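As a plain string of letters, each chain reads:
Protein chains: 2
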Amino acid sequence: MTTADDRQAFHARLLEIGKQRYHDKHPFHAMLHSGGCTTTQVRAWVINRYYYQSRIPMKDAAFMSRCDDPDLRRAWRSRIEDHDGDVEEGGGIRRWLRLAEAVGLDPTYVASTKGVLPSTRFAVDAYVSFVREKPLLEAVASSLTELFAPRIHSERIAGLLEHYAFADESALAYFRQRLAEAPRDVEFGLAFVLDRADTREKQDAAAAALAFKTDVLWSQLDALYSAYVSPGRIPPGGWDGTEGVVREPRAREAAE
Amino acid sequence: MTTADDRQAFHARLLEIGKQRYHDKHPFHAMLHSGGCTTTQVRAWVINRYYYQSRIPMKDAAFMSRCDDPDLRRAWRSRIEDHDGDVEEGGGIRRWLRLAEAVGLDPTYVASTKGVLPSTRFAVDAYVSFVREKPLLEAVASSLTELFAPRIHSERIAGLLEHYAFADESALAYFRQRLAEAPRDVEFGLAFVLDRADTREKQDAAAAALAFKTDVLWSQLDALYSAYVSPGRIPPGGWDGTEGVVREPRAREAAE
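Protein chains in written order, with the UniProt record's numbering: chain B, 1 to 256; chain Z, 1 to 256.
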């Protein structure tokens, strides 16, 4: 068993991974939050990030499919509910599609996941596979990037509201809602990992799982940057900047 | 069943995918073959491409693990033998490590796969998962990028020999050997796919599998380009340009 000191040192180690590797350090986010993105770049982010959102409940179902403990499944289930919601109002995925509409994209096109960059798919699919295949401790540890998410969501809400006319509460509802959901999820996941990682070997595995997840996030932004910022070379099959565009980004005044 | 005409049209469709999407169109290859790469860029390519080589026999084993036909397993088995070889002399993987030595890298470092770009891992692992999970027809179709490989290998041998002092027959043995192996593999795989894709639906699935595989290859070069050419931002965990470097690239005169 770890001592209290060990537990605290391990917690600090996990936080340090976020400081070193979380994708809030990626220059694409600075561009996005400061108003430096073109409409095409914002749309490309919305299209590609949708793929990530769409796979999260599949990832959580893969996790639950491997839990034989009803308590753990019960605690985890709300993640799927958060993303999928109910038939009428939907959840996080449908809120993401409201953002797609706000930037002038056909939500049906976005939901089709056509045009998603192959590198985005590979990174996101690697996350789903990881959670399907690795020990439960590592699967939970890989979810702990949520520790670092609230700050990026807050910055994003403020930055988008300040710099982009399409940004209003409806368009940004996804992020607002995650600010409420993420702390509850991460509190559970963090306690689970701190409790179960009771040997150095397990701590190393959990830390590696969290680092892996930061790679998954970083890789998506690198792909986006490479295709739509610099060198700006769209790979075969990637969104061409026009498909699925149905109108100009919504102006804030016109928002309901 | 397809008619002979259908078969020919389907074959042409597969070749067209190569013309449109094979990674010989990626600017990194033009740089590499024309002598435009720095030593660091060549080393980064050797390190990252090693990860692909190292996973090919695992991919082929995943395929064979799903074949209940001994004839098919027998025909496929040589692919693993080609890459792994025998204990003393090794195979394609060990030939790749000779290239690593020629460019001044510690082969043990390269074989550790430390420093491989996360996006490279995600793309290559996606290929292994694809072959493990998809119908056999699609798994075989995804191997048909070998149809387009001989030309790129020939260009590579000529271009490296002409432009880089480290390039000699020992360093390039991997590519020379693949020129002999690939046509046999692809003859079998192509006949398999043309025979089994006997409905439009199966043809579509096989064509999509081949396009998927071109994405796997392209994504690796995009990752390399993004990290080491433009914008030249190495992601967290990626090779830093110095680790594993043990000497200058070998000069041809010094080659045994």
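Since the hints were made in silico from the structure, they are not lab data. All values reported here derive from a predicted model rather than from experimental measurement. C-beta atoms are modelled at their ideal positions from N, C-alpha and C, and glycine is treated no differently. Hints may contain errors.
Stated by the list, open to error - Sample of chain Z residues facing chain B (criterion: CB under 10 Å; computed from the structure): (1) Y51; (2) V124; (3) D125; (4) W218; (5) A223; (6) A227; (7) S230; (8) P235; (9) G237; (10) G241.
Claimed, not checked - Each computed SDA-like pair below joins lysine to any residue, with the alpha-carbon atoms no more than 20 Å apart: (11) K134/Z to F130/B; (12) K114/Z to L194/B; (13) K114/Z to F212/B; (14) K134/B to L194/B; (15) K114/B to R247/B; (16) K134/Z to K25/B; (17) K25/B to I152/Z; (18) K19/Z to I234/Z; (19) K25/Z to F212/B; (20) K114/B to F212/B.
Claimed, not checked - Now the in silico label distances, taken between C-beta atoms and shown as ranges: (21) A158/B to E243/Z: 32 to 42 Å; (22) T38/Z to T39/B: 31 to 41 Å; (23) V246/B to S170/Z: 56 to 66 Å; (24) R77/Z to A180/B: 34 to 44 Å; (25) K114/B to S65/Z: 30 to 40 Å; (26) S65/B to K19/Z: 35 to 45 Å; (27) R200/Z to S65/B: 29 to 39 Å; (28) E243/B to A12/Z: 25 to 35 Å; (29) G36/Z to A30/B: 25 to 35 Å; (30) R7/B to P236/Z: 19 to 29 Å.
### Per-residue hint verdict: W218/Z, partner chain B, C-beta under 10 Å
Status holds, d = 5 Å.
Discussion item. The hint names Y51/Z as touching chain B; please verify it with the least Cβ-Cβ distance against 10 Å.
Written reply: violated (13 Å)
- Query: Does the Cβ distance between T38/Z and T39/B fall inside 31 to 41 Å?
  - Reply: holds (36 Å)
Is 56 to 66 Å a correct range for the gap between the Cβ atoms of V246/B and S170/Z? For S170/Z against V246/B, whose Cβ atoms are near 58 Å apart, the range 56 to 66 Å holds.
*Would you settle whether the hint for A227/Z is holds or violated, based on the nearest Cβ-Cβ distance to chain B being less than 10 Å?*
Since the shortest Cβ distance to chain B is 8 Å, the answer is holds.
When the nearest CB of chain B is found for S230/Z, is that gap smaller than 10 Å?
Given a least distance of 5 Å, the restraint on S230/Z holds.
- Can you let me know if the beta-carbon spacing of R7/B and P236/Z is within 19 to 29 Å? This hint holds: roughly 25 Å between Cβ atoms.
Straight-line Cα separation of K114/B and R247/B no greater than 20 Å?
-> Holds, because 18 Å separates the two Cα atoms, which is no more than 20 Å.
Query - Hinted pair K25/Z and F212/B, Cα distance within 20 Å - result: violated (30 Å)
- Message: Under 10 Å is the threshold here; is the Cβ of D125/Z close enough to any Cβ of chain B for the hint to stand?
- Response: holds (6 Å)
Please check whether K114/B and S65/Z have a Cβ separation lying inside 30 to 40 Å.
Given a distance of about 32 Å, which is inside 30 to 40 Å, the answer is holds.
- Is the Cα-Cα distance between K134/Z and F130/B 20 Å or less? Cα-Cα ~18 Å, so holds.
Violated hints, in rising order: 1, 10, 12, 16, 17, 18, 19, 20, 24; the structure is consistent with all others.
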